[in-house]
Amino acid sequence: MATTSSTPGYVRFTGHRHLTQRLVLSTLTGKPVHISGIRSSSPTAPGLAPHEISFLRLLEAVTNGSSIQISYTGTTMTYHPGLITGSVPGAGASAHGDVIEYTLSETNRRGISYFLIPLALLAPFSKAHMNVRFSGPGVITAATELGDMSVDSFRLAILPLYGLFGIPPARIDLLVRQRSCAGFGERRGGGVVEMRFASQVRLPKTLHMNRSPGRIKRIGGVAYSTGVSASNNKRMIHAARSVLNALTGEIKIGEASPGKDDARNKIGIGFGLSLVAESSVPGVVYSADMVSPARGGALPEDLGVQCAHQLLEAIAKGGCVSWAAARTVLTLMAMGSEDVGRLRIGSEVMDAETIGLARDLRKFGASSWGLRPVGEDDTDDMMVSVKGAGVGNVGRKIA
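Mapping of the sequence shown onto this note's numbering: residues 14 to 412, in sequence order.
Hints listed in this document are in silico derivations from the structure and should not be mistaken for laboratory results. All C-beta atoms in this analysis are idealised placements derived from N, C-alpha and C, irrespective of residue type, glycine included. Check before you lean on any hint, since a few could be wrong.
Stated by the list, open to error - Using 20 angstroms as the maximum straight-line C-alpha spacing, the simulated EDC-like pairs for lysine to aspartate or glutamate come out as follows: (1) 247 / 315; (2) 330 / 361; (3) 330 / 390; (4) 330 / 389; (5) 218 / 351; (6) 279 / 119; (7) 44 / 351; (8) 376 / 390; (9) 265 / 314; (10) 400 / 351; (11) 330 / 366; (12) 218 / 352.
Stated by the list, open to error - The calculated label-pair distances, taken between Cβ atoms and stated as ranges, are: (13) 27 / 247: 48 to 54 angstroms; (14) 294 / 43: 34 to 40 angstroms; (15) 255 / 86: 48 to 54 angstroms; (16) 78 / 258: 51 to 57 angstroms; (17) 372 / 86: 25 to 31 angstroms; (18) 85 / 268: 45 to 51 angstroms; (19) 56 / 267: 44 to 50 angstroms; (20) 265 / 314: 41 to 47 angstroms; (21) 398 / 255: 38 to 44 angstroms; (22) 224 / 258: 27 to 33 angstroms; (23) 227 / 56: 48 to 54 angstroms.
Can you make the complete structure from the sequences, with help from the hints?
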């Protein structure tokens with residue numbers, strides 16, 4: 014919940030919801046935030062959660078001059094953003110390298126996409142390249158039961174969308190050096206992921222995706238298993254194909270190669286499936302993720318069918334952007350040049366989370382969105398008009 018600021022210069026919020034979103038907007042706009050009431054009513058775990066503290070540390074690593082103050086109980090914090098520097102040697106990265114080495118502790122329960130999605134939003138506005146290597150017992154490359162997408166869905170369904178804004182995806186590399194699932198007990202996380210984002214721009218281009226989303230022309234994806242038999246991959250793929258073959262004949266679902274000595278390394282055990290559907294219209298992508306429960310007990314066949322059904326549901330929601338990518342696209346539109354961009358979006362995608370982004374952007378000084386029904390066909394799609402704030406890359410302007 015956002016509240017009116019009584020302290021000049023601060024944007025004030027209450028509660029822990031949308032914390033990373035608000036910190037990213039604060040960093041992009043240069044406006045400090047004051048957040049109070051962070052799980053203040055929780056009797057067992059009040060204050061910031063471990064994954065939220067890890068994200069704050071990550072912000073410190075990729076910026077210069079940021080200031081973070083947290084109360085004794087952890088229920089109140091202030092954040093003064095600094096300049097987004099990326100992996101500048103000596104400022105985040107090692108003096109002799111160009112990569113920020115970031116370790117996630119075993120207390121983290123969120124998937125690596127929880128960190129990658131906001132990091133990718135900051136990367137185009139960085140002064141230098143944004144190269145970060147995540148490692149440690151808290152790195153989970155699979156999807157999670159908390160709703161985080163897998164690293165494969167992030168690579169296949171989120172990163173290509175940056176090309177729509179004049180940010181070349183060809184200069185963005187995402188390397189999965191060790192896969193891992195959430196696991197259970199002592200076998201948790203343990204993955205290694207490296208993102209190299211070398212596409213820095215002054216201003217994202219204005220986006221116009223106001224036409225029909227087209228028809229699905231191909232389906233891809235990745236099946237993965239960590240610490241268990243790789244035969245689970247084929248079983249998931251076969252089950253998913255049995256559902257999706259009626260939709261299109263071009264289905265290419267790959268198998269992730271097993272890690273080295275997965276059985277000996279203490280990585281999270283499990284298996285999962287990431288599916289991505291591409292439309293005949295460039296830039297229209299839908300994704301779905303399913304992963305085995307941390308305690309086990311799921312059959313690969315059931316998981317494959319469930320993931321296929323989830324993908325069909327994402328397609329049925331309509332629009333030119335899926336729910337998983339909507340906030341990334343709308344944020345880039347709001348940070349772009351001072352022109353009005355348009356995006357066709359499904360009415361079910363325009364949910365409370367997406368409306369919350371519009372309210373947060375308004376608090377940070379961006380223009381309000383314009384919403385209207387498409388009205389050209391029998392769908393419930395809506396047209397969203399977003400005027401860019403012209404924030405741009407401050408680091409590049411100074412340089």
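Violations among the numbered hints, reported as their numbers in ascending order = 8 and 20
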